[in-house]
Amino acid sequence: MRVVGTSVERLDAIKKVTGSAQFADDIQFSRPLFAQVKRSPYAHAKILKIDTSKAEQLYGVRCVITGEYYKKRAGLYLEDKNFLAVGTAKFKGEPVAAVAAESKEIAEEACKLIEVEYEELPAVFDSLDGMKPDAPLIHPDLHTYKVAPIFYPQKGTNISHHYVLRKGDAEKAFKEAYKTFDNSFYIPHVQHVPIEPHACTAQYMPDGELCIWAACQSPFAVRRALAETFDFPLNKIRVISKAVGGGFGCKAGTTLEGIVIPLAMLCPGRPVKLTYTREDEFQYAYVRQGLHIRIQTAVNKDGKIIGSKNVLAWDGGAYTEYGVNIVKAAGWGCVGPYDIENIATDSYCVYTNHPVGGPYRGFGMSEIHFAIEQNLDMVANEMGISPLDIRRINGIRPGGVSATGQVIDVAGYQECLEKAAALIEYDKPCEPSGNPRKVRGKGLAGGWKAPSMPTDAQSSVIIRMNEDGTFILLCSCHDMGQGSDTVMAQIAAETLTVDVSKITVRTGDTDHTPYEWQTVASRSTYCAGNATKLAAEDLRDKILEVAQIKMGTWKKDLYLEDGYVRRVFYPDIKVPISTFALGLMLPDQSGIAGPMIGVGSYTVPNNIAADIKTGLSPKPVAFWTMGVNGAEVEVDLDTGKVKVLKMVSVFDAGKVINPQMYEGQAEGAMVQAMGTALWEELKLKEGKVMNPSFVDYKIPTFDDMPELIVEVVENAEPTGPYGARGIGEIVMVPGAPAIANAVANATGVRFTRMPLMPDVVLAALKAKK
Amino acid sequence: MKEYLVKFFVNDEPIELRVPANRTLLSVLREDLALTGTKEGCGAGECGACTVIVDGKAVNACLILAPELDGMHIETVEGLAKGSQISPLQESFIEHMALQCGFCTPGMLMSAESLLRDNPHPTRDEIKKAMSGNLCRCTGYKKIVEAIEAVAEKGVYDK
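The listed protein sequences derive, respectively, from chains A and B.
Positions 1 to 769 (our numbering) are the ones given, in order, by the first sequence.
Positions 1001 to 1159 (our numbering) are the ones given, in order, by the second sequence.
Hints are computed from structural coordinates only; laboratory data are not their basis.
This one's a predicted model, so the numbers in the text were calculated from it and none came from an experiment.
There's no promise every hint is true.
Unchecked claim - Think about it this way: if two alpha-carbon atoms lie no more than 30 angstroms apart in a straight line, the pair counts; the simulated DSS-like pairs of lysine-lysine are:
hint	chain 1	residue 1	chain 2	residue 2
1	B	1159	A	438
2	B	1002	A	54
3	A	46	A	146
4	A	646	B	1129
5	A	104	B	1128
6	A	146	A	236
7	A	49	A	71
8	B	1159	A	304
9	A	112	A	688
10	B	1082	A	502
11	B	1082	B	1159
12	A	683	B	1129
13	A	641	B	1128
14	A	179	A	72
15	A	132	A	685
16	A	646	B	1128
17	B	1128	A	683
18	B	1002	A	112
19	A	768	A	428
20	A	179	A	49
21	A	438	B	1128
22	B	1129	A	542
23	A	104	A	15
24	B	1129	A	643
25	A	438	A	428
26	A	768	A	179
27	B	1129	A	698
28	A	428	A	641
29	A	428	A	502
30	B	1082	A	15
31	A	428	A	646
32	A	698	B	1128
33	B	1154	A	646
34	B	1007	A	643
35	B	1002	A	104
36	B	1057	A	698
37	B	1082	B	1129
38	B	1129	A	641
39	B	1154	A	15
40	A	15	B	1002
Using the sequences and the accompanying hints, generate a full structural model.
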């Protein structure tokens, strides 16, 4: 291959290093209005009365709205969310009213003048409490909500989805086991923290057209959700997404769009803008859900796991319109990349009065693998087997079977494991630190992830050829830093046999770029990549169709190379492809055909929903990407501080389209995983976010960067474009448990809750003595 | 709010503005001058996305009050390239893929530019220290360090 597999320069690189890339908040509007939000000070409260009259009278205020203005609920999978609270406020900071004014200062002042009377209600702050029969109900009308048919809300409870998996006979396996284990873990809420905060502007025109500029990963999903909520036909609502400054999931669904739209509708012609502050971002953007997870393991004499029972209680927060799908995805992936015959899993999505849960890189996998991979080490230690061997024994191999019963034909897990173990020199002791109070250890962890999307999630791509033989590629998978623009250009360039510089990629405008379900799930390289390849092939066929007339031979005897159509048997006979850009002019100067446009539409083939009773499906997902992280750490016994010295990353990418961008994904993911393992937790006290700043919520900095080593395994994905499968999320998944396993290896202390903050580590070390 | 008349330079261009006492340099750049290359990531001096060079020193534009600007020389990311000729540092960021989403990139570049002018051949530890006020959520920092090391090695900033 010529272009695929090479580190071509990012298409957006020059724009981004010169400050000319335009992000949502950078767009200049004439006569903008500024929105601000009045928020609930209570985690759970009945709204008795809202008086907006004083705010409305403030000079410069253009309109004030409350939840009563637009009561229709929204939601991606479960319509349970109001953009402005209706009836009750369900989390601390939930919007109850909003203002549009001539300046930010006036909007803020107006919010202070809105008077709200509340009656505080009993609240739920833990998913296990929320599942109790006497728990206060957060959504009493849950059973009446519109829901996608693959989710099962439980009437009269806080459970918005219960995924059940029953494979084989877990009970029997536990009876027959040589040994059984029972371990529980807790993973707290964490925040995505893209460096770009959410931003959105909406403009409603007098002719009924609505335009939204948003920092958003998924313009089409957002368009549909907003159109349904605000009763717009899809041809009257347009969502534009410019450069997105990091998403990691939090810019996937609808967020502040639903606040500015009703304001804009009351002020026709005026763009209404809202940009989150960092404090807002920490508190009101989607959070990664908290998780209680209990894993029971049945093992035979040789260390083979014969049964696994899992209970997952997810803290979905006040609205779980997106969270229900994470809960389902976690059920599908519940035992990790291990081939286990008998499994019983229950995964619950539970409403609490916490911030709203949503997708975060890994989509449940980072959370469950923190437990799965530590559990494996704990089992190995008890069994007297090395952590490496227990993974060799149980790790999936080609032809192995997933938890849902899917046969995994391509499975590079074992290769990744051996490679990662070699890179971290797992069989050798650590170099001593030179200080007896600083102990070192190594850890390994594996992981897998599949794109959790509707079984018929769609992508489409259009490639237009220009008169000079250059191309415009239109798609709506969105580049939020992961590099999808460049990947699509590489796939198209490979198929059309032209240089990447000949291809310009345009994305993110629901009026002008073609349909894409969402940019999530590590699905873009695979799904949009397949659509790109189909579009390029369609264009190639159309070119050859016309070229056969010009070149006097059959289409099958023609091919594209370097911007020319050539004859198979006489490759020196060549015609520039630009000749056919607008069709073909015949010798009599008449024209035939017409402008060359390639179209590619793609739906994941043969994905089948899981059975409601057993949770089984022979193919619920397009593919599983798997791999292994290794970590070496140093623990300071006097301070409890954990320093990660080295991390290694080996995943089976199928085919790496752009090696340098792949490395970037893997390196960034390891460091992000390290942050969650060591420091990151959104601290919640009775629903209040206690650490909404970078000072109190520490993310990794330059100073924390360990040595990072990235290698790759390439077992081609048979249905992927040029063999590729998605990798952006999975490369983060085993990072945190690899670090936790290394800490346990160094200290002999096991941490079943993240993050491993120095005080926690120190207390545990003292308790051990 | 009391207003102040300030005269200063942005990327060598003279600017004259009346600014309220509480306006920040970041707001002046982004809102008054539409120089949106400088980003707001936190508004509190914690993330470095708004780093600019003021009188030769890298600072967070969100922490400078506009009335202080009188007579100052401010350099923003828009001033790094000369016309369409990008600087060696920008080139190195591209070559080493030291950016992903690009939102922290302007601040990263300005911090690195300031470091390299003061210290044309920094050690890895000096780079980490000088850059530690700039947060990035995408890259894991490695490629940014490599980009800075590579441009230093070329001797571009030698005095």
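Do the alpha carbons of residue 1159/B and residue 438/A lie within 30 angstroms of each other, as the hint requires? violated, 42 angstroms
Hint check: residue 768/A vs residue 428/A, CA-CA at most 30 angstroms. Holds or violated? holds, 26 angstroms
Proposed proximity, residue 54/A with residue 1002/B (alpha carbon, max 30 angstroms): holds, 27 angstroms
Pair hint residue 46/A and residue 146/A, alpha-carbon separation not exceeding 30 angstroms: holds, 23 angstroms
Does residue 1007/B pair with residue 643/A here, judged by a C-alpha cut-off of 30 angstroms? With Cα atoms ~48 angstroms apart, residue 1007/B and residue 643/A exceed 30 angstroms; violated.
Taken at face value, is the distance from the CA of residue 304/A to the CA of residue 1159/B at most 30 angstroms? This hinted pair is violated, its Cα atoms lying about 65 angstroms apart.
Holds or violated: are the alpha carbons of residue 646/A and residue 1128/B at most 30 angstroms from each other? Holds, at roughly 16 angstroms.
Holds or violated: residue 438/A to residue 428/A, with C-alpha atoms at most 30 angstroms apart: holds, 18 angstroms
Is the straight-line distance between the alpha-carbon of residue 49/A and that of residue 71/A 30 angstroms or less? Between residue 49/A and residue 71/A the Cα gap is close to 16 angstroms, so the pair holds against 30 angstroms.
Decide if the proposed pair is consistent with the structure: residue 132/A and residue 685/A, CA atoms, cutoff 30 angstroms inclusive. Answer holds: residue 132/A to residue 685/A is near 20 angstroms, not above 30 angstroms.
Decide if the proposed pair is consistent with the structure: residue 768/A and residue 179/A, CA atoms, cutoff 30 angstroms inclusive. Roughly 25 angstroms between the alpha carbons, so the hint for residue 768/A and residue 179/A holds.
So if I understand the rule, the pair passes when the alpha-carbon distance is 30 angstroms or less; does residue 104/A with residue 1128/B pass? violated, 37 angstroms
Checked against the numbered hints given earlier, this structure breaks hints 1, 5, 8, 14, 20, 22, 29, 34, 40; the rest are met.
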